[in-house]
Amino acid sequence: MYVSASKNSLQAIMIATLSNKKPNRLPQILEHASGDKRFKILEAHMKKYQFKQDALIEVLHKAQELFGYLEDDLLLFVAYRLKLPASRVYGVATFYHFFTLKPKGLHTCVVCMGTACYVRGADKLLAAVEQHAKIKAGETTPDNQLSLLTARCIGACGIAPAVVYDGAVTPRQTPEATVEHVKGWLTHGN
Amino acid sequence: MVIDDLIAIAEQERAARKKYVIRCCLAAGCMSSNSKGVKEALDVAVKEAGLENDVEVRGVGCMKLCCQGPLVQIDGDGQGATVRIEGNPQGPLYQRVTPEDAASLVATLKGGKTNVQRGDPAQPFFTNQVSIVLANSGIVDPERIESYIAADGYQALHDVLREMTPKDVVEAMIKSGLRGRGGAGYPTGLKWATVAKTPGNQKYVICNADEGDPGAFMDRSVLESDPHSVLEGMAIGAYAVGANQGFIYVRAEYPLAISRLQNAIKQAKQKELLGSGVFESPFNFNIDVRIGAGAFVCGEETALMSSVEGKRGSPRPRPPFPAERGLWSSPTLINNVETFANVPPIFRKGPEWFAGIGTEKSKGTKVFALAGRITNTGLLEVPMGTTLREIVEKMGGGAPDGRKIKAVQTGGPSGGCIPAEALDTPVDYDSLVKLGSIMGSGGMIVMDDTSRMVDVARFFMEFCMDESCGKCIPCRAGTVQMYHLLNKILEGKATPRDLEQLESLCDLVKNTSLCGLGQTAPNPVLSTLRFFRKEYTDLLKEDVYAGPKTDDPGQTNGGPKPEALLPVT
Numbered sequence: 001m002y003v004s005a006s007k008n009s010l011q012a013i014m015i016a017t018l019s020n021k022k023p024n025r026l027p028q029i030l031e032h033a034s035g036d037k038r039f040k041i042l043e044a045h046m047k048k049y050q051f052k053q054d055a056l057i058e059v060l061h062k063a064q065e066l067f068g069y070l071e072d073d074l075l076l077f078v079a080y081r082l083k084l085p086a087s088r089v090y091g092v093a094t095f096y097h098f099f100t101l102k103p104k105g106l107h108t109c110v111v112c113m114g115t116a117c118y119v120r121g122a123d124k125l126l127a128a129v130e131q132h133a134k135i136k137a138g139e140t141t142p143d144n145q146l147s148l149l150t151a152r153c154i155g156a157c158g159i160a161p162a163v164v165y166d167g168a169v170t171p172r173q174t175p176e177a178t179v180e181h182v183k184g185w186l187t188h189g190n
Numbered sequence: 001m002v003i004d005d006l007i008a009i010a011e012q013e014r015a016a017r018k019k020y021v022i023r024c025c026l027a028a029g030c031m032s033s034n035s036k037g038v039k040e041a042l043d044v045a046v047k048e049a050g051l052e053n054d055v056e057v058r059g060v061g062c063m064k065l066c067c068q069g070p071l072v073q074i075d076g077d078g079q080g081a082t083v084r085i086e087g088n089p090q091g092p093l094y095q096r097v098t099p100e101d102a103a104s105l106v107a108t109l110k111g112g113k114t115n116v117q118r119g120d121p122a123q124p125f126f127t128n129q130v131s132i133v134l135a136n137s138g139i140v141d142p143e144r145i146e147s148y149i150a151a152d153g154y155q156a157l158h159d160v161l162r163e164m165t166p167k168d169v170v171e172a173m174i175k176s177g178l179r180g181r182g183g184a185g186y187p188t189g190l191k192w193a194t195v196a197k198t199p200g201n202q203k204y205v206i207c208n209a210d211e212g213d214p215g216a217f218m219d220r221s222v223l224e225s226d227p228h229s230v231l232e233g234m235a236i237g238a239y240a241v242g243a244n245q246g247f248i249y250v251r252a253e254y255p256l257a258i259s260r261l262q263n264a265i266k267q268a269k270q271k272e273l274l275g276s277g278v279f280e281s282p283f284n285f286n287i288d289v290r291i292g293a294g295a296f297v298c299g300e301e302t303a304l305m306s307s308v309e310g311k312r313g314s315p316r317p318r319p320p321f322p323a324e325r326g327l328w329s330s331p332t333l334i335n336n337v338e339t340f341a342n343v344p345p346i347f348r349k350g351p352e353w354f355a356g357i358g359t360e361k362s363k364g365t366k367v368f369a370l371a372g373r374i375t376n377t378g379l380l381e382v383p384m385g386t387t388l389r390e391i392v393e394k395m396g397g398g399a400p401d402g403r404k405i406k407a408v409q410t411g412g413p414s415g416g417c418i419p420a421e422a423l424d425t426p427v428d429y430d431s432l433v434k435l436g437s438i439m440g441s442g443g444m445i446v447m448d449d450t451s452r453m454v455d456v457a458r459f460f461m462e463f464c465m466d467e468s469c470g471k472c473i474p475c476r477a478g479t480v481q482m483y484h485l486l487n488k489i490l491e492g493k494a495t496p497r498d499l500e501q502l503e504s505l506c507d508l509v510k511n512t513s514l515c516g517l518g519q520t521a522p523n524p525v526l527s528t529l530r531f532f533r534k535e536y537t538d539l540l541k542e543d544v545y546a547g548p549k550t551d552d553p554g555q556t557n558g559g560p561k562p563e564a565l566l567p568v569t
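For the protein sequence lines, the chains are A and B, in the order given. By the working numbering, the letter at position 141 of the first sequence is numbered 141, and the numbering carries on one by one without gaps. By the working numbering, the letter at position 228 of the second sequence is numbered 228, and the numbering carries on one by one without gaps.
Just so you know, the hints here were simulated from the structure itself, not pulled from any lab data. Every value quoted in this text rests on a predicted model; they were computed, and no experiment measured them. Note that beta-carbon positions come from the ideal geometry of N, C-alpha and C, so glycine has one too. Some clues are possibly wrong.
[Stated by the list, open to error] Computed, partial: chain A to chain B, Cβ under 10 Å:
id, residue
1, H32
2, K52
3, L66
4, L84
5, Y96
6, G167
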């Protein structure tokens with residue numbers, strides 16, 4: 001996950017830590033957090049785990065569920081509340097595929113690329129959507145309507161090839177059906 | 001909770017059983033075809049027909065034949081019913097049911113007719129199965145603990161806690177001959193014995209439900225269909241090794257399995273079947289669910305433990321094995337979902353009964369997830385030693401559209417492709433290893449003559465390349481190089497020298513990687529090379545730079561040619 005250096009407060013924090021200058025981003029983050037109810041919910045969730053450091057992954061799951069993606073301030077907030085180094089939180093957030101540091105589109109289309117789906121033509125489904133939406137897997141359309149993603153295997157092999165549209169697993173897809181499904185989401189509508 | 005309470009719940013549940021039970025599959029496969037809507041429509045239809053007192057609509061777990069979902073099966077109790085009793089596969093089975101079909105299905109109970117597609121419960125896909133792990137799957141309601149208790153659930157835990165010492169439990173496990181169902185096939189009893197005898201005040205039990213192999217969905221089905229059997233198995237394991245805390249590590253991709261597990265844990269705690277003083281014995285046991293975050297490497301036990309601790313899922317060298325130093329450096333018992341699900345039946349029916357099923361070295365049954373280019377996709381459980389041909393051709397119904405089966409892939413990215421000529425191989429741990437594949441967790445992908453084997457090998461290599469955690473160099477760099485070489489072969493730009501390099505890289509990565517991911521990553525390449533070498537060589541072009549072969553070892557060993565030093569792209 002690459003974020004431009006000028007805006008990346010995490011990187012700034014790490015550099016500052018290395019140069020032994022303690023960054024004073026904390027008031028800003030807490031202020032950011034104070035006006036947003038979602039931070040309260042997140043904090044309650046951390047409390048459920050007694051602010052234990054080993055609950056980091058659970059907390060990040062909740063954070064992503066609430067905010068849609070993990071922005072820098074959010075990661076710093078988690079690090080601060082769990083008393084973990086920012087590098088550790090950043091390390092975990094970037095290690096796992098499930099976490100995303102970029103905002104997702106309004107709609108998501110996840111094409112399962114597991115073996116069963118693959119031998120039943122999942123690559124053709126993906127190619128069809130890529131061609132139609134003019135984006136590659138892992139990208140979001142410029143109008144922020146659609147994120148096209150791939151999954152390793154969603155365990156729906158019995159009904160392959162499967163596609164997940166906005167969280168709903170849909171069985172036995174064809175390239176035409178997939179394009180038809182995402183068509184309505186795209187503003188250019190062609 | 002004492003045994004009398006348990007028996008009372010079971011009897012109450014059995015007494016409340018209605019004349020007919022309409023079972024509707026509510027596992028993830030059928031759910032995606034709107035089986036939830038079917039269940040709700042059936043509920044309404046029963047009410048409208050005024051049959052609430054005679055008919056129960058039960059949401060159940062996986063009914064196995066996923067390709068025909070949503071599935072609905074109607075059981076009668078013999079009292080004036082044309083259908084036979086619960087669990088008997090003779091009850092009429094309906095396929096591809098839609099919510100609109102509900103009224104006509106209910107009408108059949110009063111002699112009406114329906115146009116819904118009938119499935120054949122007497123086909124080999126069902127009749128050749130031997131259910132131990134899946135015995136409750138598709139029968140009990142996974143959302144209600146009473147349903148599991150009525151199927152003799154938690155009795156094994158009671159008997160173990162009340163009548164056996166931990167040592168007896170371990171001995172019984174050894175006697176049963178159960179081997180780990182996660183893939184490697186390590187004898188479960190021995191693992192339990194090691195954890196039990198390792199000193200330590202704090203021990204843990206972990207259930208590995210990070211079913212990362214693409215093409216495998218057995219563990220998901222077990223968790224969604226019968227979560228309590230896994231909890232009971234874990235509790236028995238915890239008693240045997242002296243642990244008081246358990247974790248189930250589930251993939252985030254399985255939201256339904258996660259919610260059913262959390263619900264099952266809550267119910268078991270309410271009934272005091274988990275928690276402190278289980279069955280009024282001194283045994284305490286709690287289970288927490290930990291949710292993965294999409295990293296294949298976390299299926300490796302040391303990486304999994306690191307993830308449970310809230311860290312990056314990086315594996316570490318073994319030994320020390322988790323049995324000695326595992327979670328937070330404490331002795332840890334870590335088994336797969338299916339392994340734990342085998343435990344309650346073993347104690348209910350005795351280790352001798354279990355050892356009587358299967359082959360000499362592989363006991364019991366194995367659940368397979370049959371998928372790919374095959375007519376019947378779904379779940380099947382067969383005794384160890386059943387031949388691949390029986391599974392794929394007889395039960396699976398062969399390849400669709402009159403195609404010919406070319407190969408069967410087992411073991412996911414760690415396994416290999418077994419060619420059609422070897423279909424008569426009995427499926428057990430050792431025979432599959434001899435063929436260069438592994439049992440793996442049980443994913444079985446059938447490929448027909450439309451699949452190109454080099455392409456398949458590249459597919460798995462891309463998977464391993466992406467999923468390599470990057471800790472050790474052979475895996476991190478080797479998988480990338482092998483992927484590029486396979487690409488080069490597929491593009492028709494490779495020479496025999498490239499193939500040689502690919503083979504030597506396979507050898508290197510296999511023997512020098514840190515964890516199972518890297519050690520097995522070359523398997524798909526090696527096995528396709530072994531059985532389908534011609535598909536590789538057909539894609540090669542003449543090596544124009546090779547020059548005449550000489551006796552100079554520097555030359556014949558592939559002393560670097562100018563182009564070999566360039567990055568392979």
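Hints, verified against the model:
1. H32: violated, 24 Å
2. K52: holds, 8 Å
3. L66: violated, 15 Å
4. L84: holds, 9 Å
5. Y96: holds, 3 Å
6. G167: With a closest approach of 9 Å, the G167 of chain A hint holds.
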